[in-house]
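Enquirer: Next come the chains, spelled out residue by residue.
Protein chains: 2
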Amino acid sequence: MAKRMVYSFGGKKAQGSAKMKNLLGGKGANLAEMTNLGIPVPPGFTITTEVCIDYMKKKTLPGSLKPEVKAALQRTEKIMGRNFGNIDNPLLLSVRSGARSSMPGMMETVLNIGLTKKTIQGLIKQSGDQRFVYDAYRRLIMMYSDVVMEKAAGIESKDNQGIRRQLEEIMDRMKQDKGYKTDVDLKPQDLEELCDQFKARIKKIIGKEFPDDCYEQLWGGIKAVFASWNGKRAVSYRRIEGIPDEWGTAVNVQAMVFGNLSKSSATGVAFTRNPANGDNNFYGEYLERAQGEDVVAGIRTPAPLNEYSKSDQNRNLCSLEESMPELYKELDSYRRRLEKHYRDMQDIEFTIENGCLFMLQTRVGKRNGPAAVRMVLDMLKEKSISKEEAVMRVSPSQIDELLHPMIDPKVEITIRPIAKGLPAGPGGAAGQVVFSSNDAVSWTKLGKKVILVREETNPEDVEGMRAARGILTARGGMTSHAALVARGWGKCCIVGCSTLNIDADRKVLRIGEKTIQEGEWLTLNGTKGNIYTEQLPMIESAEENVMLQEFLHICDQIRKLGVRANADTPSDAQRARRFGAQGIGLMRTEHMFYGKGCEEPLFRLRKMIMSKTEAERRKAVEELYPYVKKDIKGVLEAMDGLPVVMRLLDPPLHEFVPREKSRLEQLANDLGISQEELTQRAESLHESNPMMGHRGVRLGITYPEITAMQVQAVFEATAELIKEGKKPHPEIMVPVVAEAKELITIKKMVDDIYQNACKKYGMKKIPYMYGTMIEIPRACLTADQIAQTVEFFSYGTNDLTQMGFGFSRDDIGGFLQDYIQKNILPEDPFQSIDQCGIGELIKIGIERGRSVNPKLEIGICGEHGGEPKSVHFCHKVGMDYVSCSPFRVPIARLAAAHAVILDQEPKKKVSKKRKKRKI
Amino acid sequence: MAKRMVYSFGGKKAQGSAKMKNLLGGKGANLAEMTNLGIPVPPGFTITTEVCIDYMKKKTLPGSLKPEVKAALQRTEKIMGRNFGNIDNPLLLSVRSGARSSMPGMMETVLNIGLTKKTIQGLIKQSGDQRFVYDAYRRLIMMYSDVVMEKAAGIESKDNQGIRRQLEEIMDRMKQDKGYKTDVDLKPQDLEELCDQFKARIKKIIGKEFPDDCYEQLWGGIKAVFASWNGKRAVSYRRIEGIPDEWGTAVNVQAMVFGNLSKSSATGVAFTRNPANGDNNFYGEYLERAQGEDVVAGIRTPAPLNEYSKSDQNRNLCSLEESMPELYKELDSYRRRLEKHYRDMQDIEFTIENGCLFMLQTRVGKRNGPAAVRMVLDMLKEKSISKEEAVMRVSPSQIDELLHPMIDPKVEITIRPIAKGLPAGPGGAAGQVVFSSNDAVSWTKLGKKVILVREETNPEDVEGMRAARGILTARGGMTSHAALVARGWGKCCIVGCSTLNIDADRKVLRIGEKTIQEGEWLTLNGTKGNIYTEQLPMIESAEENVMLQEFLHICDQIRKLGVRANADTPSDAQRARRFGAQGIGLMRTEHMFYGKGCEEPLFRLRKMIMSKTEAERRKAVEELYPYVKKDIKGVLEAMDGLPVVMRLLDPPLHEFVPREKSRLEQLANDLGISQEELTQRAESLHESNPMMGHRGVRLGITYPEITAMQVQAVFEATAELIKEGKKPHPEIMVPVVAEAKELITIKKMVDDIYQNACKKYGMKKIPYMYGTMIEIPRACLTADQIAQTVEFFSYGTNDLTQMGFGFSRDDIGGFLQDYIQKNILPEDPFQSIDQCGIGELIKIGIERGRSVNPKLEIGICGEHGGEPKSVHFCHKVGMDYVSCSPFRVPIARLAAAHAVILDQEPKKKVSKKRKKRKI
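Sequence order for the protein chains is R and U. Numbering follows full-length UniProt numbering, with no gaps: position 117 of the first sequence is 117. Numbering follows full-length UniProt numbering, with no gaps: position 310 of the second sequence is 310.
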């Protein structure tokens, strides 16, 4: 290791800068940057992440580190005018971790390093505050024994049985014995005694003396911070956040400053703008005479930073602005300087030692969705950031927050969920539990809010699902029926919660030992998958959020991908338009049979399905025709001027067979056949693997009359709308295609019906496009043949993922969790496109398709179309548009803009080939 | 059309040759070849297939054809010394079709063209035989009116209602009126009157006179033959045989010679060797004083050609060898010359006119399997053909004939099947119908032969399936459970016969209006899928056929692909070895639980499946261990010295859940849980799409103890065999892999178990290979990652076809027939690899796999491994071996040799890269 390992900062000069985050970690880089900006920072130095990586490999620190540290320490001593280990004028140090990106609380910190029997006396003399010094020593012993000694000794601390807990117990016992209420009551001599007791206990447990050498303390601290990179907590945090193991952490060694030294000492945290709503106001809180950990510990209520930060809880306390106006002014000037410098809202920490202000940290502040949008719009107006920066600073999940009601986060944080499921439909919902679709409908009519709880849902539950505030199921995955329907409506939904034990007959739900009767309250957090008993308060969404619209228009200026919505009814189509959809990418013609008011068409559909002869079926199809046409016309009208992709009948017929006995009876009666005969017909539709069975175009080939009816409805609806002065753009999409000849066969039929429709309406032509869903692996592989027969491809990535992985989305629950836990899969491939496998199929399909038909319009209509990483992938592989549920259209608009910015470099190469084509 | 359109032959000189089959058709090319060989052939000419194709397009003959025909006709007249249309010395002509490959009976023929009122008189004078001439005229009128006039008039003849039938009725009535028994009784004047009656009826129906102009007759005949290329029969024959529409037919116009002219006239057909058994003996039959059609009509029993051709039916008749020894000798000399020239057995037709021998046709003779093998071995010994030719002359289906009993073809041809299904297991079987597995077993014990008839089969039927002679199911496809199991055993099986209506409770089977009770006889032709009532006679197979062995050894010398077998038990493995398998490509470890004597392990397996906790499961797994080890050891021992690929547990667990109530009760009792609990556990295993559910490696990941048990059994069995002096070569195969990390996870477990086994047996190493099944599309796409973790790939093309097409093999019955009929798919992709789609996936997998691991061993173990076209594909894409059911091993050996020869050219390029690697 010939490279520099240690970077000093302090005295308005630093060797590092904010650009060196990879080497110095976020904290270290920003400390250097602040120093260079002339902002007062306690001096110190950063040991690089490279040293950490090296230490992880070799389990020993490089020999040349010691002299570098020594030299840096000397610079620190010089700036502070104190010396480490010096008896009269001792310098104390903090040792803190600092990775490239923030991992709050995941790694270790040791404060007050440098206190030994000797320096304690010097510090007492110097500060004149014996209590302060012994309290600092007490803190050092507690932290150090826990962080350094226990770990070095290889003693794993299990659930509060570790040394720290034992020392806390000693302290509690002393307080109890002496009748003290809080730590503050402890006298200096109490603390001194406590330190002795601590050291004795440590000796007993670890078999080693607490080190009384300041350098031993320092090196122990440095090694412990490095080692904490591979601690259990840090590793699992990295798994969740996707942070690579190879980054390593830096170590920041800094002169201690004390917010608890005197009455004119304090410590606080602040945000340069309000992180909860984006207001351009300084916002924060502080504690007089305290150290940072005291703020976190919540022993005292922190005071507001200024007038603006006052709330009902702290209005009676004196603000920093009031108590130390000069220092507040100084702090506010740093706030302005930092925000101007970093051009983003900062989260800062400060300490005031004896009337002297020090900045301990600055970093980009976390914010919620509304705040994020507001801040970037403000900063754009202030001209401090570019459009691209504005777009990049808002995350898709922040947009999502704006679109759904949510549980009040202040309340939610205080309560434990009783169960967790898969977060299938985002947002929050509270309601009374019901166990059937009918109950959900009737209770809602009575003005009640309900949560519908089902083992799993099927099309017969749709009315109840629409009525309910939220949906909770015990089975199914992220793309199960419940999840798909709920997401389509933007409804809160949790699925696959396997700890639920539902007894729908007795109307009771068991979760572990807890029993919930019909009518009791549940609250769902569909964004996280958390389930709570009781009714938690909600924050409502702002569907027509003006700032959001403004922000999304900026995204639209940047993105290349078109964004359409999946919608099945005129009202869904209208909502999609409001959310900015540029067309319908998927209208599932069969979805008109689900839900309220659909009894008539559903009944006729069932009649069609139960027909045995072609004649029977033709009759049923004719009866069905007016309903289908009306529906198609409605959606085309709602999307006037924009394209609507209409998918021909897709699911296996048995999905429409009624399950309830009463409905079966009714159907048999109306069909004029025996119950036995009906049952037999229904059974003959049963399939072993319906997902790969007789469905989609296969139905169209074997029962051409069904396809013909749908196609006729499209042409006639279109012709009528044109006569009415509208501009319909239907795109007929054939599903489940595996082979080009399937499309040729259907096309012949389409051509005939087209001719008839033109004749009937006296029109020379009726506008339409003919295309196919690409959802079967073979379709990707033979896309060069398929593309010769169609004008567009629309990737159905749900099915493509199913077939490509051989994963039935309904059955994946049995092993998916194990797969993710064991790191076999990074995530659920039904959530985000599996780019290295399924993505390859998609690329092959696009390449082969465009190789013979360069004008081919290519989109995606699977659930992935609204997932940001997948949207980025769709952009990269050259699709024309994505289509997703209306509620995800804003997210897709943002993600598509992100994709352009992230791919800035490659874009230049591609841009000549791909025109901006949004529809 | 500037090219020559007409090719003459006759007078020992011909313009064409045997090489010109594409242009002249098979018949025309061989007539030319025989002429050039100096063999007497009635002179004539061939109009090319190109004229046919042109005529099909333009619906009119090219103008320049007439002079070419005229010139050729003049040459014919000159050779024959007779003139077409001449009154004194008339030449009569035949007009026959002749396509590139033989399409027997599918197209039209007109004989005796040139008979008119005038020429009739001349011919009577010349032949002195009035009866002969009017009989010839009668034949001309019947053929011509049917073939030429009726079709030209656009009258479609429906089911015997056509003109031919009407003329036959007139003839029958005359015979009846006059009290004649056969045609031979008709007097010359009867025939003359008949001709008049015929012509009158033709006039009445068609509204046109029968043409009395010889050229009109000739051109009518030529056009009719061309037109018959697009006749209904010919088109559907081409569909079945895969003959392209673009080939067209040639027309052969030839001078008539008459086998029915005098007592020293005759006609016959013969084979240069016996086509039924391959004996190198001249074999044939003939009729004195007859025309070719009389032999076919079967009015008289034909006489044997020679002593060798005598049989019980014709022993009393005088052979040609006896009656015309000189002519027989001449014929025999032509036989020798033709066979020597064509170097293959010929099927010849000859006519003797007034003591003068003419050859009418020679072509490669059809033969059955045993004959085909015998002939090529003999010809190899005679050194008349090369090894490659020998191999190419035997088709896979001929080999198949040698391996299974078959219905006596002489009997089968006379009987109509009552139903057709999918030919799932080849060969024939006759037996009494039973409807349950138990009945099949108990009836068989009583010495009865049974056919097991089931809606569909499941693992509980396996005992009955083994006991039955044949299996018949109403549902399922070519790779359904019944089909897979039956083929594995070489058992006759027909599946997916949807016209069956099975009432297993009442033990009755309905097919249309026919009712079959338990115990009635059925005969199955599993090669064709035909089902017959009654008991038909069988010809038994010759499993240990010496000639077959000899022939297959020649194939082995040529082929590059290794051939392994799929076998699950020691006895199957032994049979596979006898059939020449070079290893086991697939041992399904779970198959040990099916069938007789497996109650104990099956019970323990079920216990394992029904376990809820890991502890319960571990216990069950331990109990199961000895059975699994014994089984694995048995197969490894049977294959001593050869590799055995052992697949870890593959199917979804619910497949093993018992369906019978009594077994469920027993299981609940033995597990010590309530029936309710057991039912609940069984239900929790239910999956919506089990084929894409929790199976294969997914089970191995979630229940590692099951995998560990199997792997331990492999290592311990191997170690014990080595200690016993054997050479086991186990290959551990992980199924249903979609992602490399699945394999890495399992490998860690394998490594641990390996270390333990080595320690336990005190061995430094235990030989084994680690590999994966490639059966999920994603595995092909990520093969470069997967290949880094394994030593071999084995393609599971059944599942790859399922996932690649999105076709559930159990549910394909609903639409597959429509797909094939509508020409959307050329054939069932589960039968022969879909090369353009699934084949692409396979190629991608091989390329990506070998790109990172050039030594990767690659094979196939899906059902396709024994299908000739698929074997060829496997060879082409560079696999190392195929694996198939033991009964198909000989077929695969042949097909692999065919592949080498067919790919002779590409082979040269590839051969450097691919070493001959058979195992």
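Hints were generated in silico from the structure; no laboratory data involved. Certain hints may be false.
To be clear about the criterion: a stretch of chain R counts as covered by chain U if any three or more of its residues have a C-beta under 8 Å from a C-beta of chain U, and this derived list gives those stretches [claimed, not checked]:
#	stretch
1	692-698
2	738-744
3	777-783
4	815-823
Listed below are the simulated DSBU-like cross-link pairs for lysine-lysine, each with C-alpha atoms no more than 35 Å apart in a straight line [as the list claims (entries may be wrong)]:
#	chain 1	residue 1	chain 2	residue 2
5	U	K329	R	K822
6	R	K747	U	K741
7	U	K58	R	K741
8	R	K855	R	K822
9	R	K748	R	K723
10	R	K78	R	K204
11	U	K381	U	K869
12	R	K612	U	K759
13	R	K764	U	K612
14	R	K507	U	K607
15	U	K843	R	K869
16	R	K507	R	K12
17	U	K869	R	K59
18	R	K748	U	K748
19	U	K57	U	K366
20	R	K528	U	K748
21	U	K855	R	K661
22	R	K748	U	K661
23	R	K741	U	K607
24	R	K57	U	K855
25	U	K741	R	K869
26	R	K822	R	K630
27	R	K223	U	K748
28	U	K748	R	K661
Even glycine gets a Cβ: it sits at the ideal position worked out from N, Cα and C.
Enquirer: Taking the numbered hints from earlier one at a time, note which ones the structure violates and give those numbers from smallest to largest.
Expert: The structure breaks hints 5, 6, 8, 10, 12, 13, 16, 17, 18, 21, 22, 23, 26, 28; every other hint is satisfied.
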